[in-house]
Amino acid sequence: MTACLREGLRRTLVVQGPLTCCSWCWRPWIAAELGLDGLQLGIMRCGLVGALLHVLCLFGGIVLLYFDRRRGGRRGRGGLPGRQPGPHRDHPAGGPRSYGLGYPLAALLGCAWAYHRLEQTLDDLEYLTFGAQPMAPETSAVESSSASRLMAPRSAGEATLVAALLGLLAAAIVYPLLQVLSVAFLDGGVPTLRPLAAFLGRRLPRGVREHAVAGVLAVVIGSVIAVPLALLTVRYRFPGRTLVTVLGVLPLVDPPFVGAVAFQQILGQSGAVNLLCRRTRVSRSSSWRAFPGGAGAEPPLLSLHPAQYRGALAGLDRSLEEAARTWQLGAPLFRRVLLPLALPATRRERCSRSSRESTTWARPSCSNYTKLLAPQAYVRVTTIGLTDVDGLRDLRHPGGPLVGALRSPRRSWPAASSRRSAGAGSAAGDAGPAGRAGGVGARRAAVGAGLLPHSAFCCCRLPRLEPHALPSV
Amino acid sequence: MLCARVERELAAVRVPETVDLTGAFSSANPDLIAAGLLYNAAIAVDRIAFWVAPPGRSIAGWFHASLYDTPIFLCYLSVVPSLAIFLVSVETDFYDRYREYYGVATSMAPCGRCSRPSGP
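Residue numbers (this note's numbering), protein chains in the order written: chain A, 1 to 473; chain B, 1 to 120.
Just so you know, these hints were derived from the structure itself, not from any lab.
Keep in mind the model is a prediction, meaning the values are calculated, not measured.
No residue lacks a Cβ here, since even glycine has one placed at the ideal position from N, Cα and C.
Honestly, I wouldn't trust all of these hints.
These stretches of chain B come out as covered by chain A in the derived footprint (C-beta under 8 Å, 3 or more residues) [said to hold, decoys possible]:
1) 58-66
2) 71-79
3) 82-88
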C-alpha cells in the first residue's frame, strides 16, 4: 500500500511538474494572448507554484482521510484555507508586490503538515488498523430503506446545517439566477413575455434542430473514433499507453470551454484546418463548414474521449472473451461479443455525450450567436460592465437559461435509466474493483498498432500548435 | 435534488459500501464537515478578499471582478490533469490496496498478513 502511494505520488508529480514548468516558461506568451498586465503575470507566477503545492497537499490530505485521520486531514486540507485568509487579507493593504503570495505559502504549510501527519500515520499503521478501526461493518444503514432515511427526523444541529446549506445555495445561486432571469421578464419594471415569445417564435426551432444535429454527430463521430481507441488501449500494451489513457480521460474533467478553445483553434476561422485548406488550396471559403448546422459543426469533434468505452471494455469478464476465442469467432469477436457486452455502458456514454454537446451549444445557438463559442461567452461574462455593456443584456436573454433549464433534468435521465436497465448483474458495468480483476486481456501490440492511438490523438490535438494568424489571401 | 438523486441511485445497489447520506450531516463527522467547508472556502476566500478590497470592483449586483481572478483561474486550470490522474488512476489503484489491507483486519486474519505484499 505504501508503494502504491509512492507510485501515485510519482505519477502525479510526473504530470504536474512538467505542466507547471511549461506554464511557467510560457507565462509571457499566455499573458500576451489573454491581455494580462505585469501585475497579473506576477500573480500567475505565484499561483503556478501554489497550484503545484496545492496538488501535493490535496494528495496527502485525501490519503489521510482514507486512513480515517480526520483531524490530520482536516488540518492538511483545511490548513490551506485556514492559513490563506491571513496573507491574503494583508495583500491588498500590503501592496501589489505581495499579491498572490498567500496561495503558495498556504499550500506549502498545508502540504508540510499533511505529509508530516502521513508519515506518522504510516509508521503507526498497524496499531491504527487494529486498535482504532471497527472490526465489523455497520449494517443498519444498508438495511434501512432510502425513504425512511430521507424522512427520518433530524436533530436540531442537522436541521441547522441543512438550513445553512440551503441558505447558501439560495444566496449564491438561486438569487443571482433570479436576478438575471427577472430582466428578461421585465420591461421597465413592468412584467412582460414579449422577449420569451419572440425567442420561441424565431429561434427555438432552429436551435432545437441544430442541437439534434450536434448531438447525433457527437455520438456518431465520437463513437467511430473513441471505440477503436478504447479497444486499443485496453487490449494492447504499447509505449505511452498511460499517456494516451490520461489524455482520453482529461476532457471529462476540464471545463467545456477549455475544449472549445482548442477546437476553435482547430476549426475556427483562423484555425489550423482553415489555414491548412488555404495553404493546400483545398478551399477558398472564409471558414470551414463541413457539417450542416453552422455552430453545430464543431461539437462532434469535441467528444473524442474514450474513457467510458474503455471502462466498459475493461470491466468485461475475461472468461467470456476466452470462450469466444474457443469458439473461434475470429474477426467478429468484437462485433458479436465484446460490443454487445459493453453496450449498457456505451449507451450511457452516448446519451451523456449527446446531452452534453447539445447543451453546451444550446445557449449560443438558441440565442442566435452562431459564432459565439464557450470561451467567448466566458470572456464576455468576466468583462461585462467593463468593456461590454451589452453583454449582460445578452446573458439575460431568456433563451439560454430556458433551454438550459429544459435540458438539465434530461441530462440526468439517460444515465439513470441506462443504469437501471443495465442492472446490477450486468457483465458490462463500470470498471470497479471486481471488473478490474477481469477485463479484456492486454497483449503486446505490434509497432503499427501501438502507433495508432498516438496518431489519433496527434491528429485531434496537435493541430492546435499551428500558427493562428489568418494569412492574407 | 442532486442529493436525492444520488440517494435514490445508491439505494438501489445493496452493497456494504452503501453510503448513508443522512449520516453525513450527523454530529459524528464534524471533522469531515470542517475539512470540506474549509477546503472549499479556500477556493473562494482569496478571490472574495480581492473583490471587497480596493483592487476589486462591482460589476452588477452580486457579481464582482478583480485583476486577481484571471491569473488564479489559469493556475487552477493547470491542476486539472493531475487531479484527473489522481482521481481516476491513483485513487482507484490505492483503494484496491486499501480495501484489501482493511479486509485483512475485518476478516480477523493474522496480523502478519498486513505486511505481506499483495498480488496484482
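Checking each numbered hint in turn, tell me which of them this model violates, lowest number first.
none
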